[in-house]
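Each chain, letter by letter, is given below.
2 protein chains.
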Amino acid sequence: MAKVNVYVTLKPELLDAQGKVVKAALENLGYNGVQDARVGKFIEIVIADSGNIEKDVDEMCRKLLVNPNTEDYRFEIEKG
Amino acid sequence: MAKVNVYVTLKPELLDAQGKVVKAALENLGYNGVQDARVGKFIEIVIADSGNIEKDVDEMCRKLLVNPNTEDYRFEIEKG
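The listed protein sequences correspond, in order, to chains A and B. Each residue of the first sequence is one higher than the one before, counting from 1 in our numbering. Each residue of the second sequence is one higher than the one before, counting from 101 in our numbering.
Take the hints with a grain of salt, since some may be wrong.
Below, in silico cross-link-like pairs of lysine-lysine (DSSO-like), each with a Cα-Cα straight-line distance of 27 Å or less [unchecked claim]: (1) K123/B - K79/A; (2) K111/B - K123/B; (3) K23/A - K120/B; (4) K123/B - K155/B; (5) K63/A - K163/B; (6) K120/B - K141/B; (7) K111/B - K79/A; (8) K163/B - K55/A; (9) K179/B - K55/A; (10) K63/A - K155/B; (11) K41/A - K55/A; (12) K120/B - K55/A; (13) K63/A - K179/B; (14) K20/A - K123/B; (15) K41/A - K155/B; (16) K141/B - K20/A; (17) K3/A - K163/B; (18) K141/B - K123/B; (19) K79/A - K155/B; (20) K155/B - K55/A; (21) K41/A - K163/B; (22) K79/A - K163/B; (23) K141/B - K41/A; (24) K120/B - K3/A.
Taking beta-carbon pairs under 7 Å as the criterion, some of the chain A residues facing chain B (in silico) [stated by the list, open to error]: (25) R38; (26) F75; (27) I77.
Just so you know, the hints here were simulated from the structure itself, not pulled from any lab data. Glycine included, every Cβ here is placed at the ideal spot set by N, Cα and C.
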């Protein structure tokens, strides 16, 4: 069994509207030191250890979890 | 300047509808080893180094970024 953490972020060159809202809201709360905020997804998957997890997870990202036109991704696999 | 990564996850005792959809979609794609999938948020914040970042970020989470009734959170601070 392995636990996989996938981090999906909007490509840096794209405007992150949700991040802008978070930044503005933090400023309204008095946190004036905030330079930037960006909001992405964090996906946790528990998967049977196939011996091929790295390739499988990369495929899952490209086929389902990530929009390759607008998003970047990285993942960590914790075997155990 | 510091970079803060905030990970927001649904509390484990709550049903994660979005995670269930991801799990079902992965199974439909032929990944039968998937035991569980949960979808959370990943928020990146760049903030001026106030000397008090840990406390500030914890407050930002509790006041804005996290719903403490339904969500857990953790964060990492990369000073640089």
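Evaluation of the provided hints:
{"no.": "1", "hint": "K123/B - K79/A", "verdict": "holds (19 Å)"}
{"no.": "2", "hint": "K111/B - K123/B", "verdict": "holds (18 Å)"}
{"no.": "3", "hint": "K23/A - K120/B", "verdict": "violated (30 Å)"}
{"no.": "4", "hint": "K123/B - K155/B", "verdict": "violated (36 Å)"}
{"no.": "5", "hint": "K63/A - K163/B", "verdict": "violated (36 Å)"}
{"no.": "6", "hint": "K120/B - K141/B", "verdict": "holds (16 Å)"}
{"no.": "7", "hint": "K111/B - K79/A", "verdict": "holds (23 Å)"}
{"no.": "8", "hint": "K163/B - K55/A", "verdict": "violated (39 Å)"}
{"no.": "9", "hint": "K179/B - K55/A", "verdict": "violated (33 Å)"}
{"no.": "10", "hint": "K63/A - K155/B", "verdict": "violated (39 Å)"}
{"no.": "11", "hint": "K41/A - K55/A", "verdict": "holds (20 Å)"}
{"no.": "12", "hint": "K120/B - K55/A", "verdict": "holds (22 Å)"}
{"no.": "13", "hint": "K63/A - K179/B", "verdict": "violated (35 Å)"}
{"no.": "14", "hint": "K20/A - K123/B", "verdict": "violated (30 Å)"}
{"no.": "15", "hint": "K41/A - K155/B", "verdict": "holds (24 Å)"}
{"no.": "16", "hint": "K141/B - K20/A", "verdict": "holds (15 Å)"}
{"no.": "17", "hint": "K3/A - K163/B", "verdict": "violated (30 Å)"}
{"no.": "18", "hint": "K141/B - K123/B", "verdict": "holds (17 Å)"}
{"no.": "19", "hint": "K79/A - K155/B", "verdict": "violated (33 Å)"}
{"no.": "20", "hint": "K155/B - K55/A", "verdict": "violated (39 Å)"}
{"no.": "21", "hint": "K41/A - K163/B", "verdict": "holds (20 Å)"}
{"no.": "22", "hint": "K79/A - K163/B", "verdict": "violated (35 Å)"}
{"no.": "23", "hint": "K141/B - K41/A", "verdict": "holds (4 Å)"}
{"no.": "24", "hint": "K120/B - K3/A", "verdict": "holds (16 Å)"}
{"no.": "25", "hint": "R38", "verdict": "holds (5 Å)"}
{"no.": "26", "hint": "F75", "verdict": "violated (12 Å)"}
{"no.": "27", "hint": "I77", "verdict": "violated (13 Å)"}
When each numbered hint is compared with the structure, violations occur for hints 3, 4, 5, 8, 9, 10, 13, 14, 17, 19, 20, 22, 26 and 27.
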